[in-house]
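Asker: Okay, here's what each chain looks like letter by letter:
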Amino acid sequence: MSALSVKNLTISFHSREGRSVAVDGISFDLNEGEILGIVGESGSGKSVTCYSLLGLIPCPPGKIDSGSALFQGQDLFSLSEKELRKVRGKKISMIFQDPMTSLNPYMTIGNQIIESICIHEKLSKKDARQRAIESLVEVGINDAASRIDSYPHEYSGGMRQRVMIAMALATKPDLLIADEPTTALDVTIQAQIIDLLADIQKKHKLSIIFITHDLAVIHKIAHQIIVMEKGLIVERGEPKSLFESPKHPYTQKLISAIPTTGKQVENASTDQFLLEVKNLHTTFRDSSGPFWNRTLEEVKAVNNVSLALRKGEIVGLVGESGSGKSTLGRSIMRLVNAESGEVLIEGTNLLGLKDNELKDARRNFQMIFQDPYASLNPRMTVFDTLAEPLLLHKIADKNNVAEKINILMDEVGLDRRFVRKYPHEFSGGQRQRVAIARAIALRPKLIIADEPVSALDVTIQSQVLDLLLRLTKQYQLTMLFISHDLSVVRYICDRVAVMKSGQLVEIEDTETLYNDPQHPYSKQLLSAIPRIE
Amino acid sequence: MTEFVMPESNPETNIEQGSSLWQDAFLRLRKNKLAMFSLCFLITLALISILTPLIAPYSYEAQNLYLSATAPSAEHWLGTDVLGRDLLTRLMYGGRISLTVGIIATTVALLIGVTWGAVAGYIGGKTDMFMMRIVDILYALPFSIFIILLTVVFGKSLLLLFLAIGAVEWLTMARIIRGQVLSLKKQEYIEAATAIGLSRWQIIRRHLIPNALGPIIVYTTLTIPSVILLESFLSFLGLGIQPPQSSWGSLISNGVETMEEYPWLLIFPGGVLSLTLFSLNFLGDGLRDALDPRVSKD
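Just so you know, the sequences run in chain order A and B.
Going by this note's numbering, the final residue of the first sequence carries number 533, and the count climbs one at a time with no gaps.
Going by this note's numbering, the final residue of the second sequence carries number 1298, and the count climbs one at a time with no gaps.
Quick caveat, the hints were computed from the structure, so don't treat them as lab data.
A portion of the hints provided could be inaccurate.
Said to hold, decoys possible - DSSO-like mimics (lysine-lysine), calculated; alpha carbons at most 30 Å apart, straight line:
{"no.": "1", "chain 1": "A", "residue 1": "K359", "chain 2": "B", "residue 2": "K1126"}
{"no.": "2", "chain 1": "A", "residue 1": "K354", "chain 2": "B", "residue 2": "K1185"}
{"no.": "3", "chain 1": "B", "residue 1": "K1033", "chain 2": "A", "residue 2": "K421"}
Go ahead and model the full structure; you've got the sequences and the hints to work with.
Answerer: Below is the structure:
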């Protein structure tokens, strides 16, 4: 029996530039008590489809052109706003991507859950509270009775996502829609949340729609998977057959884009050290006032880290959020000030340089940032963005800067005609190419890449990774590659360093580490990688 | 994303450093009819003001008590005031004062405020603390006392008027810019600029201020009218311009007194001021949109 039956759904968005079809006549069924995975890249229409079921698409500009969604004998699209509200949260619950922004920071966890229960059911405050505690216990929050009166900021990211699930379950829904519920979480927590969802689904015979861009995540728990591209369902089937013999080229592309293997290209790394970090400490202080400086809180973001990179090698730096990996990168870049220690690039200690010496030295080490939407100045064209470092360091002058920029554009695989465009006119992958072009414009020796592909779709991700590999080889670049995505790291890095709570716990050749991690934390981290077997 | 068609010209020939934002902005602004109309109105007003001594029909101080407060006629298009002076002439001369005050005082406020706020916000820490406390102290000073103090120390002059107004108006600007810069400086592109090796001042000038232009422009268009009105208040206190000279502010405040008997004495100066303010606001909105490449693609 099907819990939800969507037929011939077409959704379009209208804007000044015209009508664009987000979902184009798709049909699918969700069997009762099963998990349906919807996989696709950004813009494929997967989220729009699910939001439309609950009437959460802003209309206008959105418009449901045709289709029906049969749920318990009712067509969801024909319901009035009032009838829909009875379905929303009560019969169909939703879990959102970001647990940080989905909870109201001014309300206790308990009150938020109780609120959602009391809207739909006539329960006394006391009973509702009891129900809330039960559902918190169910999602694995142990001392729920005492933690129910905490505020969201007192919970960690993973715990907040558990709260979101508890809230969705508290009204005992029949259908759960989970929109990228693990994307914002660390890999070890992601594994826990997925297990939790699978357990709950079995226990309550829930039907779940699980939206994700990550095939490896969904493959473990889904009963059925549909793959969406540009508003169309291009392939559907059971996970096993889908992964073993994908039929549609797009599915094949998605699966092959998942980095599963180790590094193929050998880098010409030498024994000479380019970067040496010695006993680096970086501490963040939260002080009480500007004049008295009574330190309230001290966070040792980087705690006595020593690390050496050989010329021409790519070293991965992995760890969970808050482990200090980004701070280490920024300390080396001197974007944050380290407290003590040494950062030597070819024997020169960066931490000892004066401002004007540092300016010249910056030629040698550049950074690629995580978010290509934030790392480019929105008011500068690509030309201006790339010209800035070239002119500043007198690598080019006004006469030949255009020529140099054209060469850079070629190198990162962008059309030369794009130089007069602004960042917002590019896609995420193209933007990241611009950011890479800016980083290599100065022909640096060292590049620190801080999660350079984690904001990108999986097929784009592999293109950008290949670009990075090609450039490091071509220019004998040394790279520190910071990432939380262990399969990406395995694909690109020669050696991997594992960080936890500001300390480096292990550094080893990639394959040695992945096959035989020594430190207990490395073991835990590696076992949490979602894999496709 | 819609496909972007490149102009035919070779990109290498029309490259000028740093000016592309403004060039593009002007191209976009030209498409905004309301903003262009406002710009034309303001330019006409400015031209009239500059040429006033040559084209004014009468003298701004010549009194003719026989003509006391006559309604608009063929000879006196906008009528005359209580002392029989031609209102059109006085309005034109008033525009010279009011527009000069508006532009110069706002420019002063803009220069000090933007620099002060951007530096305080970007450097942060104790410097920020110190700079913003100065702003707070000046804020706390009652405006009229501050003005009277200035008059006592420096005597009366038009220059002092600009100084006094500018010295007050930059405070709010500094606060707005500081707030903007505080949020902007956490952006990765500012870090990227640091990583390239730009100096602090270059980052402020090339990256921070262009991205704070929206609020700067909006606040500027709000400042000009308030400065024009402030001038009439100061003139009332005896600072700034004195009769028989006129300004829009003083014409309006005189007009208010005789509003019921001679409404045209209020309607015309008030109307000109309102039109100017409308134009400034439309132009400001247009500029803000034009300077943001994300607003419109075509």
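Asker: Next, verify each hint and record whether it holds.
Answerer: Now the hints, each set against the structure:
1. A:K359 / B:K1126: Holds. K359 of chain A to K1126 of chain B sits at ~24 Å (cutoff 30 Å).
2. A:K354 / B:K1185: 22 Å, holds
3. B:K1033 / A:K421: Roughly 25 Å separates the two Cα atoms, so the pair holds.
Against the hints set out earlier in the document, no violation occurs for any number.
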